[in-house]
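Asker: These are the residues of each chain, in order.
There are 2 protein chains.
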Amino acid sequence: MLTSPANPKIKQIRKLRDRKTRSETGLFYMEGLRIVGEAFEQGIQMEYLVVAPDLLVSSYGQELANLQQTQGVPVLEVSADTFNSFALKDGPQGIGAVARQRWASLPKTRPAHGQLWIALDSVADPGNLGTILRTSDAVGAQGVILLDQCTDPYDPSAARASMGALFSQKLIKTSFAEFSAWKKQVALPLLGTSGGSDQDYHTFVYPDPCIVLMGSERQGLLPQHLALCDAVLRIPMTGRSDSLNLAVATAVVLYEIYNHRRDKEKRL
Amino acid sequence: MLTSPANPKIKQIRKLRDRKTRSETGLFYMEGLRIVGEAFEQGIQMEYLVVAPDLLVSSYGQELANLQQTQGVPVLEVSADTFNSFALKDGPQGIGAVARQRWASLPKTRPAHGQLWIALDSVADPGNLGTILRTSDAVGAQGVILLDQCTDPYDPSAARASMGALFSQKLIKTSFAEFSAWKKQVALPLLGTSGGSDQDYHTFVYPDPCIVLMGSERQGLLPQHLALCDAVLRIPMTGRSDSLNLAVATAVVLYEIYNHRRDKEKRL
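Protein chains in written order, with this note's numbering: chain Y, 1 to 268; chain E, 269 to 536.
Hints in this document: simulated from the structure, not taken from any laboratory.
The reader is advised that the hints may include incorrect statements.
Said to hold, decoys possible - Simulated pairs of lysine to any residue, SDA-like, Cα-Cα distance not exceeding 25 Å:
| # | chain 1 | residue 1 | chain 2 | residue 2 |
| --- | --- | --- | --- | --- |
| 1 | E | Lys-357 | Y | Thr-3 |
| 2 | E | Lys-357 | Y | Thr-203 |
| 3 | Y | Lys-89 | E | Asp-420 |
| 4 | E | Lys-534 | Y | Arg-160 |
| 5 | Y | Lys-264 | E | Phe-472 |
| 6 | Y | Lys-266 | E | Ser-291 |
| 7 | Y | Lys-266 | E | Ala-499 |
| 8 | Y | Lys-266 | E | Phe-472 |
| 9 | E | Lys-534 | Y | Asp-242 |
| 10 | E | Lys-283 | Y | Arg-240 |
| 11 | Y | Lys-266 | E | Arg-530 |
| 12 | Y | Lys-266 | E | Gln-467 |
| 13 | Y | Lys-9 | Y | Gln-45 |
| 14 | E | Lys-532 | Y | Lys-170 |
| 15 | Y | Lys-89 | E | Asp-510 |
| 16 | E | Lys-357 | Y | Cys-150 |
| 17 | E | Lys-441 | Y | Gly-239 |
| 18 | Y | Lys-89 | E | Phe-472 |
| 19 | E | Lys-357 | Y | Arg-160 |
| 20 | Y | Lys-266 | E | Lys-441 |
| 21 | Y | Lys-266 | E | Pro-424 |
| 22 | Y | Lys-264 | E | Arg-535 |
| 23 | E | Lys-357 | Y | Gln-45 |
| 24 | E | Lys-357 | Y | Thr-238 |
| 25 | Y | Lys-264 | E | Gly-507 |
| 26 | Y | Lys-264 | E | Pro-424 |
| 27 | Y | Lys-264 | E | Pro-504 |
| 28 | Y | Lys-89 | E | Pro-424 |
| 29 | Y | Lys-266 | E | Lys-534 |
| 30 | E | Lys-534 | Y | Thr-203 |
| 31 | E | Lys-532 | Y | Met-237 |
| 32 | E | Lys-534 | Y | Arg-262 |
| 33 | Y | Lys-89 | E | Glu-485 |
| 34 | E | Lys-534 | Y | Asp-90 |
| 35 | E | Lys-534 | Y | Ser-241 |
| 36 | Y | Lys-170 | E | Asp-510 |
Said to hold, decoys possible - Covered stretches of chain Y, as calculated for chain E (at least 3 residues, CB under 8 Å):
| # | segment |
| --- | --- |
| 37 | 160 to 166 |
| 38 | 247 to 258 |
All residues carry an ideal CB built from backbone N, CA and C; glycine is no exception.
Use the sequences and the hints to build the structure in full.
Answerer: Take a look at the structure:
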């Protein structure tokens, strides 16, 4: 059993907290029974598991580690103290994994009928991004296209907030310029939101397929984003606030589209 | 100008991070131009302001401090270093306030036609609570009833996430037993949500007024909560997730009610 925090693999786990390391290596670290189990079920390519036998009381967790080992994934056993030294949260469950990030390609993406995509510009908060992935999964959307300066979905906070949707949703990273060219090429309707629009999001007739574009927490969509949109929708608000939380606003629009599609199916 | 971090008022600001101190004193500390401005506009009773002239570059902030002083609110001037020593976040704007918490009384509350309330059981995350307040304000709901072990809306993270809705929304704190007795007395329809229900939240005919009851992040509504509900609604989900983020789920239901009411008004 490994007890030295100077071991290169242990040091790598710690370094993977930094976006720069994640970006350079194409790897990420996840922790906890639920997320490691989800990653396994969704076929995420594991580099190695790290297990603290003294902390891993769950038999499901032990089976998971055994199964991975059978499939050739190295399982690193560490002491409870060592695990606690790099754990993402207090009271860890004693199982973690370093795995390969999975990204889809924008040029190869051709949204078909019934599909729904979300594009996000410059989202800053990993928790918001993870929550959007979770909602996106819930309404059966295909995935999220991250433009320019978006936060990293493989940030531990984003991964945790996504509740496993990080692995079921397609993730695409691109620039606004490339996205813009692609959108025109595939002729896909792009829907933005803005408090300044006259088009109520609830009475709008949603095209199928479509992409919902959301802006940053601080600024929303910028003029160049709005200019690319085929329609700009307003989510009405009656209170004192002039905006909603980003993950909430995204969910409100996604569920409206989901409900419209469900209504339509019922009518057919 | 005050530079000693041992000053009792400065010590109090630091202590107000603890829920216990907030609960014992009935006070809370808020920080930043936007929230202090909102609190002022909404008539929140200020105990004292704390200002770091070297950090407070905004003329709006300076006017705000002057105006409060004219109205008899003490304004404590501190050095930038002192302000940074208790500031809630990095790069503070140099204005904060200690103010009195405002709570509404459940027995005196009699929801009228057109009203909408949210009741929350054992919500753990202050960010979720703040986001729910923000959405509640946006759909024109009256306020939030916090049952049993709910987190504190006057926690700095909840206050920040509420974006000022903390002051426009009515806040009520009570036990489930008292809430239950009150609900029966005022004969108000209570709507819960559960993945196990057959009633789609989108096709439900919402009573007016009504209360939406949401459970904790981990457990959702417990059997005793569901038993008190007049209807239990299901938010459909097609993906792998079996639940939504709590603030998202609440928003999805609140916007559905808001849209139903708007549709009805249009038909009249």
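Asker: Taken at face value, is the distance from the CA of Asp-90 of chain Y to the CA of Lys-534 of chain E at most 25 Å?
Answerer: Given that 25 Å is the threshold and the Cα spacing comes to 52 Å, the pair is violated.
Asker: Checking one constraint from the list: CA of Lys-266 of chain Y to CA of Arg-530 of chain E, max 25 Å. Satisfied?
Answerer: Holds, at roughly 23 Å.
Asker: Against the 25 Å threshold, does the CA-CA distance of Lys-532 of chain E and Met-237 of chain Y hold or violate the hint?
Answerer: Answer holds: Lys-532 of chain E to Met-237 of chain Y is near 17 Å, not above 25 Å.
Asker: Against the 25 Å threshold, does the CA-CA distance of Lys-266 of chain Y and Lys-441 of chain E hold or violate the hint?
Answerer: 42 Å, violated
Asker: Take a quick look at whether Lys-534 of chain E and Arg-160 of chain Y sit within 25 Å of each other, Cα to Cα.
Answerer: With Cα atoms ~42 Å apart, Lys-534 of chain E and Arg-160 of chain Y exceed 25 Å; violated.
Asker: Closer than 8 Å, Cβ to Cβ, for at least three residues: run that test on the segment 247 to 258 of chain Y against chain E and report holds or violated.
Answerer: holds (count 7)
Asker: Is the Cα-Cα distance between Lys-357 of chain E and Thr-3 of chain Y 25 Å or less?
Answerer: The hint is violated at about 36 Å.
Asker: Against chain E, does the segment 160 to 166 of chain Y show at least 3 residues with beta-carbon separation below 8 Å?
Answerer: holds (count 4)
Asker: Next pair to validate is Lys-532 of chain E with Lys-170 of chain Y; report whether the Cα-Cα distance is within 25 Å.
Answerer: 39 Å, violated
Asker: Has the given pair, Lys-357 of chain E with Gln-45 of chain Y, been kept, meaning a C-alpha gap of at most 25 Å?
Answerer: Not OK: Lys-357 of chain E and Gln-45 of chain Y at ~38 Å, beyond 25 Å, violated.
Asker: Tell me if the straight-line CA distance from Lys-89 of chain Y to Glu-485 of chain E falls inside 25 Å.
Answerer: Holds, because 17 Å separates the two Cα atoms, which is no more than 25 Å.
Asker: Need the status of pair Lys-357 of chain E, Cys-150 of chain Y: alpha-carbon distance at most 25 Å?
Answerer: Cα-Cα ~22 Å, so holds.
Checked against the numbered hints above, the structure breaks hints 1, 2, 4, 6, 10, 14, 18, 20, 21, 23, 24, 26, 34 and satisfies the rest.
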